[in-house]
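**Student:** Residue strings, one per chain:
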Amino acid sequence: MAFGAFSGTATPVAVEPVARKRSKVALILLLPGILYLGLFFLVPFVQLIITSLQAPGLDIGLYVNAFKVDNYAIVIQSYGSHIARSFGYALIATILALAFSYPLAYFIGVKLRRFPLLQALGLTLVIAPFFISFLLRTFAWKQVFSDEGAVVTGLKALSLMGSGDHFTGTPAAVIFGLTYNFIPFMTLPIYTSLEKLDLRYVEAGNDLYASPTKTFLFITVPLSMPGIVSGSLLTFIPAAGDYINASGQFLGGSDTQMIGNVIEKNFLELQNYPAAAALSLILMAAILVLVGIYVKRSGTEDLI
Amino acid sequence: MRHVSRFFSRYLIWIYSILAFAFLLVPIAYTIVFSFNDYRRSNITWRGFTLDNWINVCNAQGVCEAFANSILVGVVATLLATTLGTMIAIALVRYRFKFRNATTLLLFLPMATPEVVLGAGLAAEFLTAGVQKGALTVILAHTMFCVSFVVVTVRARVAGIDPALEEAGRDLYASPAQVFLRVTFPLLLPGIIAAALLSFALSFDDFIITNFNSGAFVTFPKFIYTAAARGIPAEANVIASAVFFIAIIFVVVSQLSAAARRKRLAKQG
Numbered sequence: 005m006a007f008g009a010f011s012g013t014a015t016p017v018a019v020e021p022v023a024r025k026r027s028k029v030a031l032i033l034l035l036p037g038i039l040y041l042g043l044f045f046l047v048p049f050v051q052l053i054i055t056s057l058q059a060p061g062l063d064i065g066l067y068v069n070a071f072k073v074d075n076y077a078i079v080i081q082s083y084g085s086h087i088a089r090s091f092g093y094a095l096i097a098t099i100l101a102l103a104f105s106y107p108l109a110y111f112i113g114v115k116l117r118r119f120p121l122l123q124a125l126g127l128t129l130v131i132a133p134f135f136i137s138f139l140l141r142t143f144a145w146k147q148v149f150s151d152e153g154a155v156v157t158g159l160k161a162l163s164l165m166g167s168g169d170h171f172t173g174t175p176a177a178v179i180f181g182l183t184y185n186f187i188p189f190m191t192l193p194i195y196t197s198l199e200k201l202d203l204r205y206v207e208a209g210n211d212l213y214a215s216p217t218k219t220f221l222f223i224t225v226p227l228s229m230p231g232i233v234s235g236s237l238l239t240f241i242p243a244a245g246d247y248i249n250a251s252g253q254f255l256g257g258s259d260t261q262m263i264g265n266v267i268e269k270n271f272l273e274l275q276n277y278p279a280a281a282a283l284s285l286i287l288m289a290a291i292l293v294l295v296g297i298y299v300k301r302s303g304t305e306d307l308i
Numbered sequence: 002m003r004h005v006s007r008f009f010s011r012y013l014i015w016i017y018s019i020l021a022f023a024f025l026l027v028p029i030a031y032t033i034v035f036s037f038n039d040y041r042r043s044n045i046t047w048r049g050f051t052l053d054n055w056i057n058v059c060n061a062q063g064v065c066e067a068f069a070n071s072i073l074v075g076v077v078a079t080l081l082a083t084t085l086g087t088m089i090a091i092a093l094v095r096y097r098f099k100f101r102n103a104t105t106l107l108l109f110l111p112m113a114t115p116e117v118v119l120g121a122g123l124a125a126e127f128l129t130a131g132v133q134k135g136a137l138t139v140i141l142a143h144t145m146f147c148v149s150f151v152v153v154t155v156r157a158r159v160a161g162i163d164p165a166l167e168e169a170g171r172d173l174y175a176s177p178a179q180v181f182l183r184v185t186f187p188l189l190l191p192g193i194i195a196a197a198l199l200s201f202a203l204s205f206d207d208f209i210i211t212n213f214n215s216g217a218f219v220t221f222p223k224f225i226y227t228a229a230a231r232g233i234p235a236e237a238n239v240i241a242s243a244v245f246f247i248a249i250i251f252v253v254v255s256q257l258s259a260a261a262r263r264k265r266l267a268k269q270g
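Taken in sequence, the protein lines are chains A and B.
Quick note on the numbering used here: the first sequence kicks off at 5 and runs consecutively.
Quick note on the numbering used here: the second sequence kicks off at 2 and runs consecutively.
One thing to keep in mind: the hints can contain errors.
When the alpha-carbon atoms are kept at most 30 Å apart in a straight line, the in silico BS3-like pairs for lysine-lysine are as follows [said to hold, decoys possible]: (1) B/Lys134 x B/Lys223; (2) A/Lys72 x B/Lys99; (3) A/Lys200 x B/Lys223; (4) A/Lys300 x B/Lys99; (5) A/Lys28 x A/Lys115.
These aren't lab readings, by the way, just hints derived from the structure by calculation.
With the rest of the complex left out, here is chain A (with noise of 0.2 Å):
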C-alpha cells in the first residue's frame, strides 16, 4: 500500500478475492488496461534496450540497431559524475524532507486528531504546493533566492555570505528545491501511518517509566515505519530523475547537473538517442535496486 499512501484515500482492506465462475468477464475487465500498459510502458522498455545497443548510422540523429555494450561504457565514463550528483542530491533531499516532514505529520495525525476541521486544514495546506503548477513554485523559490532578494541581500548585510557569493545555482539551492517539491509526498504517507497510531501504546510505554524519548524511538517511530518508507521512496524516485530543479533557468548551475538533465540534453538536443537510452536504464536499474533493498530491509513488501 505504498503508493496508495499518496492518494489520499483508506487503506484498502486486504479482502481476499472471492472465486468467481465467471472469470470471462475479468479478462475483460482487464485485457484493455494490461494491453494499453504493455504497449506504451513495457514495449517503450524494450525500445529503450535496442536504442540503448544502437550504432551510429549515415547521418547525425540516425542509428542503426547493433550491439553495442560499449555505449554503457562511454555514458558512465562521461557522465558517471552526473549519476553520483544525482544519488547524492536524491539522497540528502529525501532525508531533510524526512527530519521536516515527520514532525508536521505528527502534529497533523496526532495532536490535532481532536480537532477534525483543523486537522482537514492541516492536510489542505500540506497538499497546497501540489495545486500551484511544480514549475511555477520552483521559479519562484528561484526568484526569492535571487542576488537581489531579500534573503542574499539580508544574508551579505549579516556577513553570512560573501559578496561575490550566489545561492542560486549552487548544490545547496538544488537540494532545497527537490527537498521542497517532495516534502508532501513525505509528508501524507507518514501522516496516514500515525494517524491511526494506537496512542494506548504511547501510554503504556510511559506507565512503564521509560522516558518520552526511548518511547518516540521504540513505540511512535517502528510504528509509523510503514509511512517513512513509503515516503521516502516517493521522494527519492522522483528527486533522482528530477532535471527541473537542477536546469539553469530554475535552481541550478552548469556544475549541478544531473542524470535527468543529461538525459534530456542527449535525447532533445544532441540526438544522441542510445545514450539518453543507456543513460535512462542505468537510472532505472539503480532505482529498482536500491528500492529493492530499501523495502526488503524495512520489511514492508505489499507496495500497491
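Given chain A, work out where chain B should sit, using these hints.
**Tutor:** Just chain B now, with coordinates in the frame of chain A:
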C-alpha cells in the same frame, strides 16, 4: 524560567508546524502576488499593483493556447485512464485470475519509474514507429502514467463495498447489469471522481514526460519552461493562481461535505 521552558516544550510542535505551513506556502504566495504585478519586460521586480493581467489574461502570446491544450490533454487522458483503471480495479478486487501478481507489478512499476525514463522510453518508441509527436502522443503518454494512480484510488473503494448490498440487488431479481448500474456504480462513484481529479491534476502539471513527447505542441507547463529563459509573463501566474483557487475550493468543499456526512452517520449510530 522553568515555566518558560515548559511552555516551549509543550507548544514547540505547534510553533514548528505553523512555521512549516508558512514555509510550504511561500512559493504559492509569491506566484499569486506576482500575478498582480504591473510588469514590463520581465515579471521579476515588483512595480505596482494592477488587475490588467487578470482582465486581459490572453494578452501574453501563447499562454491561453497552452492552457487550452493542457485542459484538452487533461480531460481526454483522464477519461481514458479513469475508464481503464476502474475496470482493472474492479477485476483486482472481485476476481481471482492467473498472473495476478504480474498484473500488480505491472501497475506498480509505472509509479516507481522516474518520469524522465518513462518520457525517454515513449519518445524512443514513437521515434522508431515513425509517429509524429503532438497532442496525440502527449495524451497517450499521460493516460499511461495516470492508469496506475486510478487503480490504487478506485481499488480502495471497491474493497470497501459491502457485498451484501449487491447480493440484496440480486435477490430482488435485478439483472447483473442492473446491479452494476444501480448498486455498484453509485457506490464506486466517489472513488471514481477522486481518481479522475487526481488524474487530471497529474496530467495538468506534468512537464517531464510531456517535454519528451510533445514536439511542437505546447502545454501550460511547457510554456512556462520555455518562457523561464526570457521571463515568465504574469499572465501565466494568473492562470496558475486561478487553477490553484479552483482546486482549493474543490478540496475544501469535499472535506466539508465528508465531515458533514461523518457527523450525520455518528448521529444515526
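**Student:** Next, verify each hint and record whether it holds.
**Tutor:** Against the structure, the hints come out as follows:
1. B/Lys134 x B/Lys223: Judged against 30 Å, a Cα distance of about 14 Å means the pair holds.
2. A/Lys72 x B/Lys99: violated (38 Å)
3. A/Lys200 x B/Lys223: Roughly 40 Å separates the two Cα atoms, so the pair is violated.
4. A/Lys300 x B/Lys99: holds (25 Å)
5. A/Lys28 x A/Lys115: At roughly 49 Å apart (the allowed maximum being 30 Å), lysine 115 of chain A and lysine 28 of chain A break the hint.
Comparing the model with each numbered hint stated earlier shows that hints 2, 3, 5 do not hold.
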